[in-house]
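Asker: Hey, can you work out the whole structure from these sequences and the hints?
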Amino acid sequence: MNAPIDHGRDGMGQAALKSASAGAKVVALLATSAGVVALPQATGKPLREKLAPLAKSVLVSVIPPLITVALILLFWQIAASGPQSSLPPPSKIWEEAKDLIVEPFYWAGTQDIGLGWRILVSLQRVAIGFSLAAIVGVLLGALVGQSVWAMRGLDPVFQVLRTVPPLAWLPLSLAAFRDSQPSAIFVIFITAIWPVIINTAVGIRNIPQDYRNVAKVLRLNQVEFFFKVMVPSAAPYIFTGLRIGVGLSWLAIVAAEMLTGGVGIGFFIWDAWNSSRLSDIIVALVYIGVVGFFLDRLVAFIGAIVTRGTAVQ
Amino acid sequence: MTSPYLKIDHVEKTFQRGAATTNVLKDVSLVIDKGEYVSIIGHSGCGKSTLLNIVAGLTPVSAGAVLLEGKEVNAPGPERAVVFQNHSLLPWLSVYDNVALAVNKVFRGVKSKAERHDWIMHNLDLVQMSHARDKRPAEISGGMKQRVGIARGLAMEPKILLLDEPFGALDALTRAHLQDSIMQIHAALGNTMIMITHDVDEAVLLSDRIVMMTNGPSARIGEVLDVRLERPRKRLELVSDRTYIAAREAVLKFLYERHRFVEAA
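Protein sequences appear in the order of chains P and B.
Going by the working numbering, 287 is the number at position 154 of the first sequence; the sequence numbering is gapless.
Going by the working numbering, 265 is the number at position 230 of the second sequence; the sequence numbering is gapless.
Everything labelled a hint here was simulated from the structure, so no lab data went into it.
A few of these clues could be false.
Unchecked claim - Straight-line Cα separation of at most 30 Å, BS3-like style, residue types lysine-lysine; simulated pairs:
{"id": "1", "chain 1": "P", "residue 1": "Lys349", "chain 2": "B", "residue 2": "Lys61"}
{"id": "2", "chain 1": "P", "residue 1": "Lys349", "chain 2": "B", "residue 2": "Lys69"}
{"id": "3", "chain 1": "B", "residue 1": "Lys288", "chain 2": "P", "residue 2": "Lys349"}
{"id": "4", "chain 1": "B", "residue 1": "Lys106", "chain 2": "B", "residue 2": "Lys170"}
Answerer: This is the structure:
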């Protein structure tokens, strides 16, 4: 900082310009120090000011969807209010199914329970089936991605099997397990596993040769290579597969429960249809949609944490 | 007569892609002594990287053999550590963990946990990177990444350190810094090093010997030049040094007069 000022004093002949610029620097310095003084004041200001930008960003992302929902409800109310209408308008749903909406966790007997409990039962099935699919899927995907012969042998089979709709597996699994609970879990498993296998395999085929060379020079064994190079390197792909998989499982569980019965949200819809409670069905649909959305976000969130660093390429 | 430290003995390499075969290396023989710094220079596509990969054990030979201390090399291993051209750090590991991966693998059971930690830090110190130990590769500059790559290579305590165009992707100033670091490390540890390069100044500055390769296909060793310059070498003093200028001229003449790069490839 001293250098330019000294310079200005040395050359008296050209002093005018140089000292002017040196003076300008001093002024600038003062200005920045003024800024430094101002900072503690800023931190001393009430929390309100700090939260303002945060609140703004929340509002910006929350208000547009709220407006959309309000418009949909309004349109729906108008469209379904006529005497000929076969579906209930929102106002009627609120009247008929208020208890389901406001009290998700009431418990009044084995079949008269809140939708929250039913969702939890369905989620439990999804959790078991999806976890199995994730573990088996990553292992099979690693095999297919790593070995050319495994790919040649298994890939065509996978490509055929993955096109079978989830519910087509149900009769077969009911016959095999003779019980609805494991059958429903198996349907989840078989639905969610294909995207996990295929994405993992792609991720592993895309591991840069450099990483493989590093592993070779270090003489990492198969297990070390799997955990230290393969999984982290393929993690972004694996999580894409898991995200698709969890979405599909949630699609499949509702359909499977409609047929297998029991306590889950799917059976609730079927039961409501059999007793013509259309309002209940609509409320259940909203529940399913919201939970599916959060499942997707949850897997995406975990993926974002786990793949921190890997994604930066 | 003792057997040579590293012997590249009549190595040939032919790549086969479908029906087409390409003879990359033809009858390459070279003996390297312990503690020697040898550069391999040649135009791109002359198979110098292939030769390094053969010594590393990453590429199998088609004929001939590589012998390290009399034992044949046919698989990669930590006693021939490689510093890769594009650093090849694992992006999900911190600087420390990248070196730790190598140290924990190579010295598990030999050094205690505390000793391994000290050894990791020692090697990071050696390349002046201990300040960034908790950073991830994406958060540090290209030159710093290459430093960590060198630390990882050195930390394996290799018999030979193989450097594959280690400074090729760096800007001139960073490259000069790293060249100085490498010279200091070589002076301090006395490692045997083989470096691939296409930079004539770099080759003359760093090497005891410069191996010049002819153009491929069927590349051979065209000439081997002894660089008789005292160490430690100082970049600025060398600029006007006669031996330096002569060595530089010899390499340039080889590359641009006798073995001009034919653009056909």
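Asker: Now look at each hint and say whether the structure bears it out.
Answerer: To see whether the hints hold, each was checked on the structure:
1. Lys349(P) - Lys61(B): Given pair Lys349(P), Lys61(B) holds - Cα atoms ~26 Å apart, limit 30 Å.
2. Lys349(P) - Lys69(B): holds, 24 Å
3. Lys288(B) - Lys349(P): violated, 38 Å
4. Lys106(B) - Lys170(B): Not satisfied, since the Cα-Cα distance of roughly 39 Å exceeds 30 Å.
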